[in-house]
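**Student:** Chains as they are written, first to last, in this note's numbering: chain A, 1 to 260; chain B, 1001 to 1260.
Be aware that one or more of the hints could be misleading.
Keeping only pairs whose Cα atoms sit at most 27 Å apart, straight-line, the calculated DSSO-like set for lysine-lysine is [stated by the list, open to error]:
(1) A:Lys88 <-> A:Lys55
(2) B:Lys1088 <-> A:Lys55
(3) B:Lys1055 <-> B:Lys1088
(4) A:Lys174 <-> B:Lys1166
(5) B:Lys1055 <-> A:Lys88
Hint data in this document are derived by calculation from the structure and do not stem from the laboratory. As the structure is a prediction and not an experimental result, all values here were calculated from the model.
Protein chains: 2
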Amino acid sequence: MATRAQGTTPTRVRGHPPRAGAAVPAAGAGEVVREARGARRRRETRARLLDAALKLMADRGMDGVAINEITEAADVGFGSFYNHFESKEAIHRALTDLVFEEFANALDRALTGVTDPAEIIAASVRHTLYRARRDRTWALFLLRESLSSRMLTRGLGLHLLRDIEKGIGAGRFKAEDPLMAFMGLAGSVLAALSIEVQYGEAADTPLPPELRSAVGLPSPEFPERAATTMLRFLGVPPAEARRVARMPLAELEAPRATGD
Amino acid sequence: MATRAQGTTPTRVRGHPPRAGAAVPAAGAGEVVREARGARRRRETRARLLDAALKLMADRGMDGVAINEITEAADVGFGSFYNHFESKEAIHRALTDLVFEEFANALDRALTGVTDPAEIIAASVRHTLYRARRDRTWALFLLRESLSSRMLTRGLGLHLLRDIEKGIGAGRFKAEDPLMAFMGLAGSVLAALSIEVQYGEAADTPLPPELRSAVGLPSPEFPERAATTMLRFLGVPPAEARRVARMPLAELEAPRATGD
């Protein structure tokens, strides 16, 4: 296989682990420490850039944000942006991967061993809404990108379609038209996210009082109410839907480090 | 009833009907023709500005668009923008009114006399999706604004909530939690709009072939499939949902002139 280029220095590492079988140059202890510190700093810079871009792009969309705004918000020199990302499109792609793929994979890992498709869907919906409650920027980014991009071909969407089909196959769900059921569920999650962001406990503009009491918002149990209704949409009977949507929730691991 | 204001000249008409009680100047036939022509030109200019702003804002959002881009696209002098709108926010507000309020009212007018809440909801969903199919810009604007703004307090959303509550009251729908049912239906409509725009017959990026056949898209009957599933979500039995979602559709009147 390919061997690593001679003279690779920390600043040229591009976020990939060294390939197996690569020749390692002999190095003194001092060099190892320096390399470790450089790699850590590199990771931190990358995380700061991603963080700043997430906030700005959640607010204004990719087109509304310039690279120098990202580097200023991240407190990083303009030029070093390009040590981490080739372009604005590249950092945007890294963010959509984080939000749509990484989060879907974290859900999968948290739900390893759960076999009931109803429980998988309810837990996924609740985790998504609790995450939105803790991290409004994340939710705004997801909302902004969700309906405008390739919803059907991305991690979060594909996993949902897979879980619905599994439930139909197992006789747990009733849905004559799986694509349409997926569409309804995906849309429901997004509408729930939007309601949580707009009318939840940390909302900018609370609902008018008469509407507040009519719809019962904000509601601490909102994620469970949403999950119950989505199971009902899939034909799960009322009492069973309420029970499954209130089962103990396995903890979701912290978001994966975005450094590498 | 109202008589026209003294000395009102076409260029000063600001899109509001003249106040009641104002005096009308005696005018020769030539003046009447000139006034009519001026008013028509004014209306056309306003419509061109709205049209251009809708396209630009559907694409980039209000923040991503400058007034001079709107006037250039509309082929109108920069200054005359202000004869029609006070600000960028004002033209954006006019557009959201058109899309969220006017369309909801047109649906109401088309459905006058229909009493079955299932038929009302199915027809509204189908009209919305057929409109999106004919007018991609309209759909993109609606999608962009829907989840990011006050979904629950706007015409289109409020009408849907009203129709769901009517159906629950009449025993036609089963939903234990009306707000959540609304949320799911609203989200389903938006997801359907997004699918129509992304994967419909006029889509930019067709689905990969394997997914295409798996989900059956694009589909000429997509609006009917979507409406069927939404009725199923509300507890309408399968055969009945299919029947109601395929009833003859009353024609929707052309969008109201945006001139005044």
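**Student:** Next, verify each hint and record whether it holds.
**Tutor:** Checked hints:
1. Pair hint A:Lys88 plus A:Lys55 holds up; C-alpha atoms about 14 Å apart against a cutoff of 27 Å.
2. Taking the CA atoms of B:Lys1088 and A:Lys55, the gap is about 24 Å. The hint holds against a cut of 27 Å.
3. A C-alpha spacing of about 14 Å is found between B:Lys1055 and B:Lys1088, which places the hinted pair at or below 27 Å, so the restraint holds.
4. Of the pairs offered as hints, the one joining A:Lys174 and B:Lys1166 holds, with about 25 Å between alpha carbons and a cut-off of 27 Å not exceeded.
5. Distance check on the hinted pair: B:Lys1055 and A:Lys88 sit about 24 Å apart at the alpha-carbon level, within 27 Å; holds.
Consistency with the previously given hints is maintained throughout, with no hint failing.
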